[in-house]
Amino acid sequence: MAALQGRLAENILYFARALRTAGIPVGPGTVLDALQALSLARVVNRDDFYWTLHAVFVKRHEHTVLFDQAFKIFFRRRGYIERMIASMPPETMSGSPKAPPPGVQRMQEALFYGLDQLEQQKSEVEIDARMTVSDREVLQRKDFAQMTAAEIAAAKEAIARLTLPLDEVRTRRLVADRYGHLIDIRRTLRASMKAGGAVIDLKYLGPRVKQPPVVVLLDISGSMSEYTRLFLHFLHAVTDARKRVTTFLFGTRLTNVTRAIRQRDPDEALAACSANVADWSGGTRIASSLHVFNKQWARRVLSQGAIVLLITDGLERDADDTLAFEIDRLHRSSRRLIWLNPLLRFPAFEARAKGVQTILPHVDELRPIHNLESIAGLVRALSGAPARGYDPKLMLERVA
Amino acid sequence: MADKTLPNSIDSTLDLLAKADYIADRSLATVLYLALRMGRPLFVEGEAGVGKTEIAKVLATTLGRRLIRLQCYEGLDVSAAVYEWNYGAQMIAIRLAEAEGEGDRARIEHDVFSERFLIKRPLLQALEPDPAGPPVLLIDEIDRADEAFEAFLLEVLADFQVTVPELGTVKALHPPIVVVTSNRTREVHDALKRRCLYHWVGYPSAERELKILRTKVPEIPKKLSEQVVAFVQALRKEDLFKSPGIAETLDWAGALTELDIIALDPATVSDTLGVLLKYQDDITRLDGTKVKALLDEVKSELRAAE
Chain A
1 MAALQGRLAE
11 NILYFARALR
21 TAGIPVGPGT
31 VLDALQALSL
41 ARVVNRDDFY
51 WTLHAVFVKR
61 HEHTVLFDQA
71 FKIFFRRRGY
81 IERMIASMPP
91 ETMSGSPKAP
101 PPGVQRMQEA
111 LFYGLDQLEQ
121 QKSEVEIDAR
131 MTVSDREVLQ
141 RKDFAQMTAA
151 EIAAAKEAIA
161 RLTLPLDEVR
171 TRRLVADRYG
181 HLIDIRRTLR
191 ASMKAGGAVI
201 DLKYLGPRVK
211 QPPVVVLLDI
221 SGSMSEYTRL
231 FLHFLHAVTD
241 ARKRVTTFLF
251 GTRLTNVTRA
261 IRQRDPDEAL
271 AACSANVADW
281 SGGTRIASSL
291 HVFNKQWARR
301 VLSQGAIVLL
311 ITDGLERDAD
321 DTLAFEIDRL
331 HRSSRRLIWL
341 NPLLRFPAFE
351 ARAKGVQTIL
361 PHVDELRPIH
371 NLESIAGLVR
381 ALSGAPARGY
391 DPKLMLERVA
Chain B
1 MADKTLPNSI
11 DSTLDLLAKA
21 DYIADRSLAT
31 VLYLALRMGR
41 PLFVEGEAGV
51 GKTEIAKVLA
61 TTLGRRLIRL
71 QCYEGLDVSA
81 AVYEWNYGAQ
91 MIAIRLAEAE
101 GEGDRARIEH
111 DVFSERFLIK
121 RPLLQALEPD
131 PAGPPVLLID
141 EIDRADEAFE
151 AFLLEVLADF
161 QVTVPELGTV
171 KALHPPIVVV
181 TSNRTREVHD
191 ALKRRCLYHW
201 VGYPSAEREL
211 KILRTKVPEI
221 PKKLSEQVVA
231 FVQALRKEDL
241 FKSPGIAETL
251 DWAGALTELD
261 IIALDPATVS
271 DTLGVLLKYQ
281 DDITRLDGTK
291 VKALLDEVKS
301 ELRAAE
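So the sequences go chain by chain: A and B.
Just so you know, we're using the working numbering here: the first sequence kicks off at 1 and counts up by one.
Just so you know, we're using the working numbering here: the second sequence kicks off at 1 and counts up by one.
No lab work stands behind these hints, which were simulated from the structure alone.
All values reported here derive from a predicted model rather than from experimental measurement.
Hints may be right or wrong, so weigh each one.
To be verified - Only pairs whose alpha carbons sit at most 30 Å apart, straight line, appear in this in silico BS3-like list of lysine-lysine:
1. B/K193 x B/K290
2. B/K193 x A/K243
3. A/K295 x B/K290
4. A/K295 x B/K19
5. B/K19 x B/K290
Next comes chain A alone, as it looks inside the complex:
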């Protein structure tokens, strides 16, 4: 193993670093695993080398693409992998058909050491260039500094102060509960042992309650641009307070920003979000975004009785049957679909736009979300408690 730790280890270390740059979380333990795997697998060709590293470094299906790119760029030179394989010490090759005769390895190291170092540096530079910027789309970074600083500060503070109440659903898991309805035999027996089994003091179990996951679909198209910034702050606060919140942004296409928004500092989180999203303040394609969500994400994030918050003004120009179909599917696969529409700030708002008319029959609740008060109302709604003086059903009827 000692010799293997040398140049091969160094290369794997560099490769791991490249993967990290590309966005695959790779810890030092994984590098050790990779070395162990390589020495066990007795790699003889490029494919095996690829899949061995893949087995260790990739922990999510989405990362396969990144890994593939990084691998191709990093080990692009012909013969590079073959040399790496050859550089593995003889003991790891035991049992393989051809063990290199003694001396060969030293020769190879002498011949290729400097060369590899050069290649190493070159490939690293290229990875940096290719991995950080998407050249397919011109990134249109939305500048968050559009509101006055004082306004933002006030709003942010207010949002952070909103205490998110516990929204609870019963799960099938049982916990000790004095007023439960099932007898907990294990605890009962343990308790009765205290008295030497003379007294049987019944202990009970009840269903455990937990917060259901929240899935947020936030429209970031041009017509919503004055709100998105504050909504993101709100979503950050929600994500911070609850365990399972999945956030998607959509304009012309759907982007999952859950990881970005999970960062502790709200400003950092928002910056990370804006770096991830390519279509700030563009057009809206609700139907196609929902289609992508239904097809790729719904089964992964809606399975545990999720509440869906759809934040959009519903202004979709080409609202046709597909929109109705997709919103219906979304409604059927979520426990509760809440539509948050900032346009409800106008008292005379009516469902005249075609998109609004299409979405309306398929949502459970329609709520305004244009100021702090309405956000506070939403927080109450999320808690499952009936909001005072506000009937979302009435709102549905009024605009319909």
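Since the structure of chain A is provided, determine the placement of chain B on it from the hints.
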């Protein structure tokens, strides 16, 4: 099955799987081989019906090991997954002890919470020594269990041990071969995945699917098998809510063989589409004309390939 030791190379892993009619691709064999050699759990994820569960079953039969299966569901708890006390027997033991005039409470407690009254559930069974070698532990559809259970599994998968408060820690002398499967109806936590080797099982290539089909449904006519595979492969390129998996291909091939069909025609395909597609939306999307167009395309491609 003469060779029941662990495979010692990627090629022999492929052979091992092939022995039990499991046609794997090299990437799966690589990760499986590594999992076996490094003593790590294997975490396989993929769409329904691509043969994830089958991996564990095949491993158990070819290696001659016991297969212990833990099917996950919401609310799965320790008493169903790890151990439970035999309360009835414990009660009787307590009464007997009393009748015999045994007054030492600590003694009774010690006797009652001994291994004699322990009912072992899958996870504990998997840690026990087995004469045939460490068993294969299949933790099926982990995405159906809730996070609380996932957190509990961390101890089991990292150190191959569980803690029974009344008895102490039970540790496996020889760690079992663990296969964890997930349909990805939710994301499994990274902490759990980090302890495993991960593999995504995708849909097979046409070539491999044909091989699988002929292995599993040997009585199928050659021409029909080619058409079936080409049609299913074409179907997977369509914008469907749920693409058919290998299990569906095999079911469909079986159904067609039962019906004594020797070549596909649009009417037969439309009639038997329910075997392949399980969502009404998908079935309506594939109406008669669409099926005919797809089938013509597939047939002309097959003709060109000849």
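Structure-based check of all given hints:
no.: 1; hint: B/K193 x B/K290; result: violated (41 Å)
no.: 2; hint: B/K193 x A/K243; result: holds (19 Å)
no.: 3; hint: A/K295 x B/K290; result: holds (21 Å)
no.: 4; hint: A/K295 x B/K19; result: violated (37 Å)
no.: 5; hint: B/K19 x B/K290; result: violated (39 Å)
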